Amino acid sequence: DSHIQYERVGADVTMKCGSMDWDAAVTWTANGTDIDESRLNGSYLILKNVDLSQSGQYSCYEGSSWHLKYQTYLRVGTPPKEPVLMCRSNNYPKGFYCSWHLPTPTYIPNSFNISVIHGTKDMVCEKDAVPKNRCHIRYLQLFSTVKYKVTLTVTNALGKNFTTLTFDEFAIVKPDPPESVVAKPVPNNPRRLEVSWQNPSSWPDPESFPLKFFLRYRPLILDQWQHVELSDGTSHTITDAYAGKEYIIQVAAKDNDIGTWSDWSVAVHATPWTEEPKHLTTEAQITETTSASTSSFMAPPTTKICDKGAVVGSGAVAVCWTAGLVVAAYSVLFI
Amino acid sequence: SPTGDSWGIFTFLCAALCNLPALPALNCSEELGAGQSIQQTYDLTRYLEHQLRTLAGTYLNYLGPPFNEPDFNPPRLARAERVPSATVDLDLWRGLTDNARLAANYRAYSRLLCYLRVLDGQVGTAELRHRLAHFCASLQGLVLSIGGVMSSLGYPLPAGPAGPPTPPGAPAAPNDFLKKMDDFWLLKELQTWLWRSAKDFNRLKKKVPPAVVTLRLEARGF
Numbered sequence: 001d002s003h004i005q006y007e008r009v010g011a012d013v014t015m016k017c018g019s020m021d022w023d024a025a026v027t028w029t030a031n032g033t034d035i036d037e038s039r040l041n042g043s044y045l046i047l048k049n050v051d052l053s054q055s056g057q058y059s060c061y062e063g064s065s066w067h068l069k070y071q072t073y074l075r076v077g078t079p080p081k082e083p084v085l086m087c088r089s090n091n092y093p094k095g096f097y098c099s100w101h102l103p104t105p106t107y108i109p110n111s112f113n114i115s116v117i118h119g120t121k122d123m124v125c126e127k128d129a130v131p132k133n134r135c136h137i138r139y140l141q142l143f144s145t146v147k148y149k150v151t152l153t154v155t156n157a158l159g160k161n162f163t164t165l166t167f168d169e170f171a172i173v174k175p176d177p178p179e180s181v182v183a184k185p186v187p188n189n190p191r192r193l194e195v196s197w198q199n200p201s202s203w204p205d206p207e208s209f210p211l212k213f214f215l216r217y218r219p220l221i222l223d224q225w226q227h228v229e230l231s232d233g234t235s236h237t238i239t240d241a242y243a244g245k246e247y248i249i250q251v252a253a254k255d256n257d258i259g260t261w262s263d264w265s266v267a268v269h270a271t272p273w274t275e276e277p278k279h280l281t282t283e284a285q286i287t288e289t290t291s292a293s294t295s296s297f298m299a300p301p302t303t304k305i306c307d308k309g310a311v312v313g314s315g316a317v318a319v320c321w322t323a324g325l326v327v328a329a330y331s332v333l334f335i
Numbered sequence: 001s002p003t004g005d006s007w008g009i010f011t012f013l014c015a016a017l018c019n020l021p022a023l024p025a026l027n028c029s030e031e032l033g034a035g036q037s038i039q040q041t042y043d044l045t046r047y048l049e050h051q052l053r054t055l056a057g058t059y060l061n062y063l064g065p066p067f068n069e070p071d072f073n074p075p076r077l078a079r080a081e082r083v084p085s086a087t088v089d090l091d092l093w094r095g096l097t098d099n100a101r102l103a104a105n106y107r108a109y110s111r112l113l114c115y116l117r118v119l120d121g122q123v124g125t126a127e128l129r130h131r132l133a134h135f136c137a138s139l140q141g142l143v144l145s146i147g148g149v150m151s152s153l154g155y156p157l158p159a160g161p162a163g164p165p166t167p168p169g170a171p172a173a174p175n176d177f178l179k180k181m182d183d184f185w186l187l188k189e190l191q192t193w194l195w196r197s198a199k200d201f202n203r204l205k206k207k208v209p210p211a212v213v214t215l216r217l218e219a220r221g222f
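Residue numbers (UniProt numbering), protein chains in the order written: chain E, 1 to 335; chain D, 1 to 222.
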């Protein structure tokens, strides 16, 4: 008959060939491959200091008849370490969810049991099909002074472990990030960007539980973010963008009064409106007709720090003027 | 939201009705004021919540361990029930009328204020007395503010408690530890009420916006 055997990594394992006597003549196989007799002690198979690679099917056959006398599936693993548990309310005031995972794998099957106690009451946390290792609870009462105590126990064939979280209803409120963030340039405004977004769809009641927002933006070429906090509305116009520079923009949300900020939304990119440089086209025609070697006498826009309308007062002003003179000199040559 | 035209009509009617001497005094600006008072009351709850954080920290340290430990999570004893609880069934809370919502807040803070005043008379350190006195004054302001909103909307004020609340059958704490437990729960309930009020007034804000068009003629006995 066949069964499963769980053993700890590093343990010494002795397998008996079913009801066969110690001195019977047997052959052991591991995953179909014969095992050398040196590993045997009589008819017992000795595995010392087992490791994960030794997991597999072990079979014992009677010497002469080659009858299968015993079969076992060896699973080498570890008892569970303390699990990592997180609880969060992204749909306040409907309820909250808890999700968990093990910090290191055990390599053998684990079962999880979660219990939620609110004061003296036991509550049922309904397990989600997807994702696994997650369950959700609906609030029966709102504005509770009594804390929730969530205990997660993980058990496997080699041991068990647990962790506990205790929290107030208000402490775990954290919305999902805002959705559908869109950033657009504003026509005829080289320093503006119009950003708009929507409440996260998981937030059930923004009317009674309004969200406030945090917007951050920076040009791709700089590391420092600029921040704006908005207490209402789902749009904002940036008015101090550097002209012609591509921006990266993100938004986060928080319940107006309680809990913590959401993660940042997906980043959107946008570049403020720039005027089409009309004089460039006439100059380009002249260079073509005179068949000059250089294709353009202006540096490529992406590396230039001296765009028209660049921020006045930057340290690059001196360089701007020099480049301007060079450009002027060249353009005179090509006229 | 009202268009410019209907707003103009409303103000005209308001002015016309208010100027008719034969009619009982109709204070049209009360409806307009209610929206702003709700905003002010909301702001006051946020201010108090902030103040309470400092006060509670100081007070719990004064009580000493285990009350000042962040994980302290004692069971609710029956005696603590006399402090009004903000806890409410979710659907019930949603379905509260404006009047009921405001009245619940008014009653709760009136009683909490009474309890806090009793506390004020008992605490040891001067710093605590000073903080408590300041907080009580702000809390009094909140009660008055809620009362003001109720009046401007035409709701009657709930009958307040006569004096320091001592409901029949609830004796003073028999020992020092239980007295401290009472104090702990008082502060907890106060904190929870302030969180709840922010949500209550958010809801009221949406239902009574600053520019209200409906005339409350029925309420005035027309």
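The set of hints was computed from the structure by calculation and includes no laboratory data.
These numbers were taken from a predicted model, which means no experiment stands behind them.
Note that CB positions come from ideal geometry on N, CA and C, so glycine has one too.
It is possible that part of the hints are untrue.
As the list claims (entries may be wrong) - Here are the computed distance ranges between Cβ atoms for each label pair:
#1 K127/E to T125/D: 49 to 57 Å
#2 H50/D to E179/E: 28 to 36 Å
#3 T239/E to L178/D: 34 to 42 Å
#4 L178/D to E179/E: 49 to 57 Å
#5 T260/E to H130/D: 31 to 39 Å
#6 A133/D to M86/E: 38 to 46 Å
#7 P131/E to P75/D: 41 to 49 Å
#8 V118/D to P103/E: 45 to 53 Å
#9 T151/E to D91/D: 25 to 33 Å
Unchecked claim - Here are some, though not all, of the chain D residues that point toward chain E, as calculated from beta-carbon distances under 10 Å:
#10 V88
#11 R129
#12 R131
Each hint, compared with the structure:
Taking 49 to 57 Å as the suggested C-beta distance range, the pair K127/E and T125/D conforms, at roughly 51 Å. A hinted range of 28 to 36 Å holds for the C-beta pair H50/D and E179/E, which are about 31 Å apart. The supplied range of 34 to 42 Å is broken by T239/E and L178/D, whose beta-carbon atoms lie about 60 Å from each other. For L178/D and E179/E, the hinted distance range of 49 to 57 Å is satisfied, since their beta carbons lie about 50 Å from each other.
A hinted range of 31 to 39 Å for the beta carbons of T260/E and H130/D is consistent with their spacing of about 32 Å. Checking the proposed 38 to 46 Å range against A133/D and M86/E shows it holds: the Cβ atoms sit about 42 Å from each other. The hinted range of 41 to 49 Å is not satisfied by P131/E and P75/D, whose Cβ atoms lie roughly 34 Å apart. A hinted range of 45 to 53 Å for the beta carbons of V118/D and P103/E is consistent with their spacing of about 50 Å.
Hint check: T151/E to D91/D, Cβ distance near 29 Å, so the stated range 25 to 33 Å holds. Taking 10 Å as the C-beta contact cut-off toward chain E, the hint placing V88/D at the interface holds, the least distance being around 6 Å. Given hint, R129/D at the interface with chain E, is violated; its Cβ is 26 Å from that chain's nearest Cβ, farther than 10 Å. Interface hint at R131/D: violated, since its Cβ lies 22 Å from the closest Cβ of chain E, which is beyond the 10 Å cut-off.
Going down the numbered hints, you'll see the structure goes against 3, 7, 11, 12, while the others check out.
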